[in-house]
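J.: Chain by chain, the residues run as shown.
Number of protein chains: 2
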Amino acid sequence: MSTYKLTYFDMRGRAECSRLLFTYAGVGFEDVRLTGDQWGALKPSTPWGQVPILEVDGEVLAQSNTIARFLGRKFQLCGESDWEAAKCDEYVDATNDLFEQWAKFVFFEQDPVKKAALRETFVTTLAPKCLEVLEAIKQKNGGDFLVGKVLTWADINIADKLQILEDTVKADILRDYPGLAKFKAVVFAVPKLKEYIEKTAYSYKAMMPEAERHIDYSE
Amino acid sequence: MSTYKLTYFDMRGRAECSRLLFTYAGVGFEDVRLTGDQWGALKPSTPWGQVPILEVDGEVLAQSNTIARFLGRKFQLCGESDWEAAKCDEYVDATNDLFEQWAKFVFFEQDPVKKAALRETFVTTLAPKCLEVLEAIKQKNGGDFLVGKVLTWADINIADKLQILEDTVKADILRDYPGLAKFKAVVFAVPKLKEYIEKTAYSYKAMMPEAERHIDYSE
Numbered sequence: 001m002s003t004y005k006l007t008y009f010d011m012r013g014r015a016e017c018s019r020l021l022f023t024y025a026g027v028g029f030e031d032v033r034l035t036g037d038q039w040g041a042l043k044p045s046t047p048w049g050q051v052p053i054l055e056v057d058g059e060v061l062a063q064s065n066t067i068a069r070f071l072g073r074k075f076q077l078c079g080e081s082d083w084e085a086a087k088c089d090e091y092v093d094a095t096n097d098l099f100e101q102w103a104k105f106v107f108f109e110q111d112p113v114k115k116a117a118l119r120e121t122f123v124t125t126l127a128p129k130c131l132e133v134l135e136a137i138k139q140k141n142g143g144d145f146l147v148g149k150v151l152t153w154a155d156i157n158i159a160d161k162l163q164i165l166e167d168t169v170k171a172d173i174l175r176d177y178p179g180l181a182k183f184k185a186v187v188f189a190v191p192k193l194k195e196y197i198e199k200t201a202y203s204y205k206a207m208m209p210e211a212e213r214h215i216d217y218s219e
Numbered sequence: 001m002s003t004y005k006l007t008y009f010d011m012r013g014r015a016e017c018s019r020l021l022f023t024y025a026g027v028g029f030e031d032v033r034l035t036g037d038q039w040g041a042l043k044p045s046t047p048w049g050q051v052p053i054l055e056v057d058g059e060v061l062a063q064s065n066t067i068a069r070f071l072g073r074k075f076q077l078c079g080e081s082d083w084e085a086a087k088c089d090e091y092v093d094a095t096n097d098l099f100e101q102w103a104k105f106v107f108f109e110q111d112p113v114k115k116a117a118l119r120e121t122f123v124t125t126l127a128p129k130c131l132e133v134l135e136a137i138k139q140k141n142g143g144d145f146l147v148g149k150v151l152t153w154a155d156i157n158i159a160d161k162l163q164i165l166e167d168t169v170k171a172d173i174l175r176d177y178p179g180l181a182k183f184k185a186v187v188f189a190v191p192k193l194k195e196y197i198e199k200t201a202y203s204y205k206a207m208m209p210e211a212e213r214h215i216d217y218s219e
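Residue numbers (the UniProt record's numbering), protein chains in the order written: chain Z, 1 to 219; chain E, 1 to 219.
Some hints could be false.
Copies of the same chain are indistinguishable here, so a pair counts whether it falls within one copy or spans any two.
Said to hold, decoys possible - Keeping only pairs whose Cα atoms sit at most 20 Å apart, straight-line, the calculated EDC-like set for lysine to aspartate or glutamate is: (1) K74 x E84; (2) K199 x D57; (3) K194 x D31.
Please keep in mind that the hints were generated in silico from the structure rather than gathered at the bench.
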């Protein structure tokens, strides 16, 4: 039995998918949540100067999607064929592209006017384009999930992302995507995940600058 | 026997790793290279409005790393264990992070002063930081490759990236990284790959604005 230690900050961010995968699989792990000072001390010893990192019996693995995919494989959550494993990868990668754009206005852009403009483009153009594709994928696949007939790590990854969009961009962002809204509800209703989510109950809203928490993009 | 059709532009870019994987495996594929007009016509029918896409017996797979990883798995180029497959993913993802920065000054930034500044930071800080880590990985792993004892899709992916850095950033960018220089040479000396590279012989230099081809960052 391997021992696992997952190190990240005390937020959902790039580690939450892996925490949810451990939770779903019922596999114990050390959930290290760094303070800023601890991160400063740890950073030079990480492989690429980044977290999350996963230690498996002392060996280090870096890169958030790499870690989640590895756990997906360990816990039989990569679908039922090489093709389904690849579709998991595709959907995770494509939604990561959207989150690169998300990070620009949430974290990187400091100028408030440019920040608001990036956010506006995200809400009116980028997010709808991606969500439309995902909605069609969900409808076409039928059943409860995005890939094949069983829960995959891509479902958990993307349900978490949809939650982040609701929490940080627009509470009713899934209003026009009934398939995705139901999909997220089904994934988060899986008993072990439901219990974990209720217990942690932290929200991205807490990370947002006070002024932005109240921006209302609803019509 | 599956039929494969890989669609991208007539450049290396995000498809070359997959072309090299087909070549190495000796598996035939239709190598579709779009003109700008063809791309305009095709774009609306692609899953995410992007290329490359890979069609496998008519089913479409998108996202360049997803495609390359899928081919890596088909052609037994994902290492010899789940851990080695994950290390392949980590090294590809981490070097992708570097190429996000590369794309900023090669493609996205239009202001020539900002472009030059981004390039300078890339050459003096970002690339060395990444190459140092890769060099240490190569030295620690011993042998010819980055992961374990056999050639993987990560080796092909990263050898291609190193070539791109030499072609577009600085011809002697690997001067201080003897392990990586040797690694690239070994991968590209694999007979099937060598023959393909000599035959295609296209260079990223041809994509660069004329003025930039002659920038010399060597001391």
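J.: So which of the earlier hints does this model not fit?
T.: 2
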